[in-house]
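Undergrad: The residues making up each chain are set out below.
Protein chains: 2
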Amino acid sequence: MQITKKTENKCFAGSQAVYQHNSIVTRCEMAFSVYIPQIAWTHKRPAIIYLSGLTCTHENVTTKAGFQRYAQELGLIIVCPDTSPRGTNFPEEHDSYDFGSGAGFYLNATQKPWSANYRMYDYISKELPDIISHNFPVVTPHFGLMGHSMGGHGALTIGLRNPDIFPSVSAFSPIVAPSQCPWGQKAFTGYLGDDHNEWQRYDATELMKNGCKSPSKILIDQGTSDEFLEEQLKPDLFLKACREKGQDIELRMQEGYDHSYYFISSFIGDHLLFHEDNLAAQ
Amino acid sequence: MQITKKTENKCFAGSQAVYQHNSIVTRCEMAFSVYIPQIAWTHKRPAIIYLSGLTCTHENVTTKAGFQRYAQELGLIIVCPDTSPRGTNFPEEHDSYDFGSGAGFYLNATQKPWSANYRMYDYISKELPDIISHNFPVVTPHFGLMGHSMGGHGALTIGLRNPDIFPSVSAFSPIVAPSQCPWGQKAFTGYLGDDHNEWQRYDATELMKNGCKSPSKILIDQGTSDEFLEEQLKPDLFLKACREKGQDIELRMQEGYDHSYYFISSFIGDHLLFHEDNLAAQ
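Quick note, the sequences are listed as chains U and S, same order. Counting from 1, one number per residue, gives the positions in the first sequence under this note's numbering. Counting from 1, one number per residue, gives the positions in the second sequence under this note's numbering.
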């Protein structure tokens with residue numbers, strides 16, 4: 001798997017770079033950013049994958065979340081992939097912010113035309129970890145997995161289904177029950193059709209009810225002033241399922257915070273420390 | 001002076017807001033961002049003004065520099081204005097990145113049509129401090145002044161000419177001798193015409209040679225891998241003038257860093273601590 005470095009900027013004594021590669025899974029050129037802390041040039045270090053939300057690319061979190069300072073302090077490699085395939089031009093693919101490009105929902109589409117390229121579940125759970133392991137100084141085949149909003153949905157579902165690869169999972173403002181909110185219903189209908197058995201495989205609350213577990217505590221931060229809290233995010237549904245199944249979870253309702261990167265930047269240091277602790281315990 | 005809050009986001013327990021107002025000086029609507037740390041709601045605190053570089057608005061530094069964490073820790077109010085008047089439509093005003101909109105160069109233009117609105121020197125040195133003092137919980141009429149690139153030029157020149165208002169000055173990658181580099185020569189010719197006496201009033205190196213002083217040490221960070229270092233920035237010219245005049249200055253050549261916000265974010269904590277120390281000594 002050939003990857004090509006497109007940009008590199010020194011940041012907090014480490015390296016913030018962007019790479020491109022031809023994905024076997026999504027059958028298009030994909031981009032991701034990688035932060036390498038200074039210590040990783042001499043000692044292999046753990047890697048955390050961050051999944052972004054609707055409309056984002058790798059760039060938003062890389063420029064706005066301020067994670068590099070913490071990653072340098074903790075010695076963590078941070079990988080931020082894109083949110084969908086790019087370069088395809090299906091009918092209506094670029095027409096709405098919550099479906100198509102920028103809105104891959106971290107699933108393998110079964111419906112045409114999307115099924116040809118929209119395979120973000122396999123990309124994040126298989127191809128990207130392989131690329132990271134083969135190209136960067138990572139310490140183990142285990143990764144931390146985190147995300148925001150749609151990316152929080154991705155982190156929870158991919159983490160719960162692949163606990164051996166992702167033993168440490170956290171999220172900001174995640175969509176925890178996509179089968180029960182407008183964003184998820186629109187995306188699942190478009191990508192997966194009407195087969196609700198298929199929907200359950202990409203719904204964190206349903207996965208928890210059906211016996212999936214994370215080996216570590218799950219950390220979720222949710223702002224109380226988030227405009228999407230009531231209609232789209234509904235963290236209580238996941239909290240209830242976790243409690244019924246004995247899954248250790250900490251849901252922190254953060255007073256007055258909204259859905260923005262200002263919120264993420266305020267607490268991403270906590271999340272990186274959480275993953276560093278969990279991965280050190282593996 | 002009426003100001004209107006356009007957005008507000010909680011960030012690191014403080015408030016990151018954006019305001020608009022009708023400027024008397026630039027005769028147009030201007031926007032600026034303000035970060036208020038939590039402690040300022042009960043105790044007045046010092047304010048730092050950050051001047052941005054070519055092409056930027058208030059937004060770039062506010063979303064990308066990660067200053068909020070440090071401002072919250074140190075209890076500093078951070079004000080980030082725009083880089084030029086907006087809403088005017090002079091011929092060729094929006095055609096190039098280094099002249100016209102987004103490139104006000106923090107001077108009072110003398111040439112038509114620019115002289116009607118392009119009065120960023122008066123805006124930053126008079127109107128903005130007045131607005132801050134009247135609307136936000138600032139402790140004194142003294143401000144820290146800092147900036148990046150064209151904004152570093154603005155910080156040095158406005159600081160040197162107004163040491164009573166801005167007793168603490170720092171810069172990232174500043175244009176220190178605009179009379180001697182292509183960016184400055186183009187801007188000064190367009191805004192100020194051929195009167196080189198007028199040019200000297202907006203050239204930090206010339207101001208230093210002509211007896212202007214800052215009461216505190218001046219701090220400058222400059223990346224050694226900055227693509228604009230040799231042709232546009234030339235910090236040695238200012239360093240030499242400072243040494244000849246006995247101005248205390250620390251120029252830190254930062255190995256491997258470039259001109260980007262990744263560089264600024266790596267060291268902006270040092271700058272805020274520097275200003276906090278200087279202002280506390282006033």
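These are computed hints drawn from the structure, not numbers from a lab. The structure displayed is predicted, hence computed values, not measured ones. Using N, Cα and C, we set each Cβ at its ideal position, and we do this for glycine too. Honestly, I wouldn't trust all of these hints.
[Claimed, not checked] Just the calculated beta-carbon pair ranges, DEER-fashion:
| # | chain 1 | residue 1 | chain 2 | residue 2 | range |
| --- | --- | --- | --- | --- | --- |
| 1 | U | E29 | S | P182 | 35 to 45 Å |
| 2 | S | Q20 | U | P215 | 32 to 42 Å |
| 3 | U | K217 | S | F90 | 30 to 40 Å |
| 4 | S | T140 | U | Q2 | 29 to 39 Å |
| 5 | U | W41 | S | E59 | 31 to 41 Å |
| 6 | S | E230 | U | H43 | 45 to 55 Å |
| 7 | S | D95 | U | E92 | 31 to 41 Å |
| 8 | U | E29 | S | H196 | 44 to 54 Å |
| 9 | U | K217 | S | Q2 | 31 to 41 Å |
Undergrad: Each of the hints needs a verdict: does it hold here or not?
TA: Verification of the hints:
1. At roughly 36 Å, the beta carbons of U:E29 and S:P182 sit within the given window of 35 to 45 Å.
2. Here the CB-CB span from S:Q20 to U:P215 is close to 50 Å, at odds with the stated 32 to 42 Å.
3. For the hinted restraint 30 to 40 Å between U:K217 and S:F90, the CB-CB distance of approximately 59 Å leaves it violated.
4. Under the hint 29 to 39 Å, the C-beta atoms of S:T140 and U:Q2, about 58 Å apart, miss the expected range.
5. Here the CB-CB span from U:W41 to S:E59 is close to 34 Å, well matched to the stated 31 to 41 Å.
6. Our hint of 45 to 55 Å for S:E230 and U:H43 is violated, since their Cβ atoms are close to 36 Å apart.
7. For S:D95 and U:E92, the hinted distance range of 31 to 41 Å is satisfied, since their beta carbons lie about 36 Å from each other.
8. As the Cβ distance of U:E29 to S:H196 is approximately 52 Å, the hint placing it in 44 to 54 Å holds.
9. Our hint of 31 to 41 Å for U:K217 and S:Q2 is violated, since their Cβ atoms are close to 50 Å apart.
Going down the numbered hints, you'll see the structure goes against 2, 3, 4, 6, 9, while the others check out.
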